[in-house]
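If you read the protein sequences in the order shown, they are chains A and B.
Going by the numbering used here, the first sequence opens with residue 1, and the numbers climb by one from there.
Going by the numbering used here, the second sequence opens with residue 1, and the numbers climb by one from there.
A hint or two may mislead.
[Said to hold, decoys possible] With a straight-line Cα cutoff of 20 Å, these simulated EDC-like cross-link-like pairs (lysine to aspartate or glutamate) come out:
| no. | chain 1 | residue 1 | chain 2 | residue 2 |
| --- | --- | --- | --- | --- |
| 1 | A | 115 | A | 150 |
| 2 | A | 115 | A | 205 |
| 3 | A | 66 | A | 151 |
| 4 | A | 137 | B | 221 |
| 5 | A | 115 | A | 136 |
| 6 | A | 137 | B | 224 |
[Said to hold, decoys possible] Partial pick of chain A residues on the chain B-facing surface, computed with a CB cut under 7 Å:
| no. | residue |
| --- | --- |
| 7 | 49 |
| 8 | 89 |
| 9 | 90 |
| 10 | 97 |
| 11 | 101 |
| 12 | 172 |
| 13 | 199 |
| 14 | 200 |
| 15 | 201 |
Simulated from the structure, these hints should not be mistaken for lab results.
Note that CB positions come from ideal geometry on N, CA and C, so glycine has one too.
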Amino acid sequence: MSAPRAGYLALVRILSERLVLAMLLLAGCKGGERAKASPPPGKYHGATLVPPMPQPDFTLPTTEGKPFHFKAETKDYVGLLFFGYTHCPDVCPVHMSNLASVLDRLPVGVAGRIKVIFVTVDPKRDTPRELRAWLDKMRPSFIGLRGPIDEVNKIQGKFGMPRAEVEQNPKGGYGMGHGAAVIAVVGDSVRALFPFGIRQSDWMEDLPKLVATIPPERKAD
Amino acid sequence: MLWWCSAQGTPWTWTWQPYLGVWLFVLAIATAYVRWHRRAGPAESTRVRRWAAAAGVSVLWVLLDWPVGALGAGYLESVHALQFLGMSFIASPLLLVGLPAGWETRLGPRAADWLRTLTHPVQAIIVFNVIVIATHVPAIVDALMVTQLGSLAIDAGWIAGGLLFWWPVARTWPTRLSAVARLVYMLAGVTLHMGVGMFYVVANVPLYRVYELAPRIAGIDPLDDQGRAGGIMMAGDVLLGLGAIAILLWLWGREEAKRAEQG
Numbered sequence: 001m002s003a004p005r006a007g008y009l010a011l012v013r014i015l016s017e018r019l020v021l022a023m024l025l026l027a028g029c030k031g032g033e034r035a036k037a038s039p040p041p042g043k044y045h046g047a048t049l050v051p052p053m054p055q056p057d058f059t060l061p062t063t064e065g066k067p068f069h070f071k072a073e074t075k076d077y078v079g080l081l082f083f084g085y086t087h088c089p090d091v092c093p094v095h096m097s098n099l100a101s102v103l104d105r106l107p108v109g110v111a112g113r114i115k116v117i118f119v120t121v122d123p124k125r126d127t128p129r130e131l132r133a134w135l136d137k138m139r140p141s142f143i144g145l146r147g148p149i150d151e152v153n154k155i156q157g158k159f160g161m162p163r164a165e166v167e168q169n170p171k172g173g174y175g176m177g178h179g180a181a182v183i184a185v186v187g188d189s190v191r192a193l194f195p196f197g198i199r200q201s202d203w204m205e206d207l208p209k210l211v212a213t214i215p216p217e218r219k220a221d
Numbered sequence: 001m002l003w004w005c006s007a008q009g010t011p012w013t014w015t016w017q018p019y020l021g022v023w024l025f026v027l028a029i030a031t032a033y034v035r036w037h038r039r040a041g042p043a044e045s046t047r048v049r050r051w052a053a054a055a056g057v058s059v060l061w062v063l064l065d066w067p068v069g070a071l072g073a074g075y076l077e078s079v080h081a082l083q084f085l086g087m088s089f090i091a092s093p094l095l096l097v098g099l100p101a102g103w104e105t106r107l108g109p110r111a112a113d114w115l116r117t118l119t120h121p122v123q124a125i126i127v128f129n130v131i132v133i134a135t136h137v138p139a140i141v142d143a144l145m146v147t148q149l150g151s152l153a154i155d156a157g158w159i160a161g162g163l164l165f166w167w168p169v170a171r172t173w174p175t176r177l178s179a180v181a182r183l184v185y186m187l188a189g190v191t192l193h194m195g196v197g198m199f200y201v202v203a204n205v206p207l208y209r210v211y212e213l214a215p216r217i218a219g220i221d222p223l224d225d226q227g228r229a230g231g232i233m234m235a236g237d238v239l240l241g242l243g244a245i246a247i248l249l250w251l252w253g254r255e256e257a258k259r260a261e262q263g
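Required output: the full structure, derived from the provided sequences and hints.
Dropping the structure here:
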C-alpha cells in the first residue's frame with residue numbers, strides 16, 4: 001500500500017471513529033445502547049409496585065384450546081401479561097413487537113425465563129386461529145388466551161386495569177378501548193406496570209432485573 | 001389541515017393528505033427559479049440549467065409531500081434516510097446547477113459577502129457536517145419530528161446544508177476549485193457522513209423514540225428499519241459519492257486534455 005493511500009485510510013478511520021464517538025456522546029449512548037439514568041435496584045423503568053401486589057389468579061383457554069392456569073404457569077417465570085386485540089392499530093402491535101425484538105436479543109438464559117401472555121379483549125374478531133397467527137408473526141413463543149369478554153373484564157379488574165370498551169369507528173367497524181400497560185409478575189406477585197412509551201432499551205435493562213428476582217429454588221430447572 | 005409532515009402518532013393510512021405548507025414552499029422555490037431564468041440571458045439560462053432546476057424542485061416536492069414526507073416524518077426511519085439523501089445529495093446539487101450562470105453577480109454586496117464566507121469549502125463542509133450530526137441526534141430528532149415546525153426545521157436544515165456542501169463543487173463563484181480539490185472535498189464530505197449510517201447499523205436498540213413507538217406499517221420492526229436506514233445512508237453515500245467522483249474525474253481528464261492541447 002502506498003504511503004499517501006495508507007495515510008488517507010488512517011485519516012478516514014480516525015474521522016469515522018471520531019464521528020461515531022461524537023454521535024454516541026450526543027445520543028447519550030454507550031456501545032450503541034441508550035444509556036440513561038437507571039432506576040435504583042428493585043425499581044424499573046415502568047411503574048414499580050411497592051410493596052408488590054399479590055398476584056391474582058385466573059384460568060383461560062389458550063389458542064390451542066388448553067386451559068392456562070396463570071399463577072401455576074408463571075410461577076417459575078417472569079410473566080408479562082397484556083390485554084389487547086389483534087386489530088389494534090397502534091399500542092398492541094408496538095408493545096408486542098418491541099417485546100419480541102428484545103427477547104430475540106436477550107441471552108437465552110434470560111429470555112427463556114420470560115413468558116409473554118396476550119389476552120384478547122376482542123374475542124368476537126380474535127378467533128383462536130387469528131390470534132395465534134398474529135402472535136406467531138410477533139414471536140411463536142407468545143401465549144394467546146381467549147375467553148368471554150365479561151370474564152376478561154373481571155380479570156382485568158383484578159389487576160387494576162380498566163374494562164375494555166367498544167369504540168365505534170365513524171368510518172365503520174370498531175376498535176377497543178383498553179389498558180395499555182404490560183403487567184410484570186414474578187413469584188406470586190405483581191412487580192411492575194410498563195405503560196405505553198416504554199422502549200426496547202428499557203426492556204433490555206429491566207427484564208434481566210426481573211428475571212433475577214425469580215426465587216432461586218424456582219430457577220433450578 | 002396539516003401544513004408540514006410530522007410524526008402524528010396515528011395509524012398509517014394510504015388516504016391522500018394535503019400539506020399546504022409543502023406546496024407553498026415548493027411553489028416559492030419554483031417561482032424564484034422561473035424569475036431568475038427569465039431575467040437571465042440565453043447564455044446564462046441554458047437548457048441544461050433549466051432542466052436541472054425543474055428536476056431539483058420536483059425531487060424536493062416528492063420528498064416533502066405525501067406519502068414520502070409523511071412516512072419519513074413519523075413512521076419509517078428508512079424513508080427518513082432516503083429523504084435525507086434525496087434532499088442533501090440529489091435535490092441540492094440539482095438546484096445549484098439549475099441556477100443561471102452568473103446568478104451570484106446579481107446579489108447585493110452584503111448577500112454576496114455572506115455567501116462568499118459560507119460557501120468557502122472549509123466552512124461549507126463544517127456547517128454541512130454539523131447539520132448532518134445535529135439532525136440525527138436522537139434527542140433532537142425526537143423533540144423536533146413531533147411538531148410541524150420542528151419537522152420543517154430538519155428538512156430546511158438538510159436542504160440548506162446540502163446547498164452549502166455542494167456549492168464549492170457545483171458553482172464557480174467565488175472561486176473555481178480545481179478538479180483535484182473538488183475530488184478531495186467530496187471524499188471528505190462523504191467519508192464523514194458515512195459515520196451516521198454506520199452508527200445506525202451498529203446500534204442494538206432503536207435510537208429514535210418517534211420511530212420505535214410509531215404505529216407499525218406492515219409489521220416492520222423498528223430495529224430492522226433502523227439497520228435498513230443505515231444501509232441506505234451508507235449505500236447512498238457510496239453510490240452518490242462515487243457518481244460525483246466519477247464526474248469530477250471525467251472533468252479533470254477534460255481539463256488536463258485542454259491544457260495539453262494549449263501547451
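Status of each hint after checking the structure:
1. A/115 <-> A/150: Measuring from Cα to Cα gives roughly 24 Å; hence the hint is violated.
2. A/115 <-> A/205: OK: residue 115 of chain A and residue 205 of chain A at ~17 Å, within 20 Å.
3. A/66 <-> A/151: holds, 17 Å
4. A/137 <-> B/221: Holds - the C-alpha atoms of residue 221 of chain B and residue 137 of chain A are around 11 Å apart, at most 20 Å.
5. A/115 <-> A/136: Between residue 115 of chain A and residue 136 of chain A the Cα gap is close to 14 Å, so the pair holds against 20 Å.
6. A/137 <-> B/224: OK: residue 137 of chain A and residue 224 of chain B at ~15 Å, within 20 Å.
7. 49: violated, 23 Å
8. 89: holds, 4 Å
9. 90: holds, 4 Å
10. 97: holds, 6 Å
11. 101: This hint holds: residue 101 of chain A lies near chain B, its Cβ roughly 6 Å from the closest one there, short of 7 Å.
12. 172: violated, 14 Å
13. 199: Since the shortest Cβ distance to chain B is 6 Å, the answer is holds.
14. 200: holds, 5 Å
15. 201: With a closest approach of 4 Å, the residue 201 of chain A hint holds.
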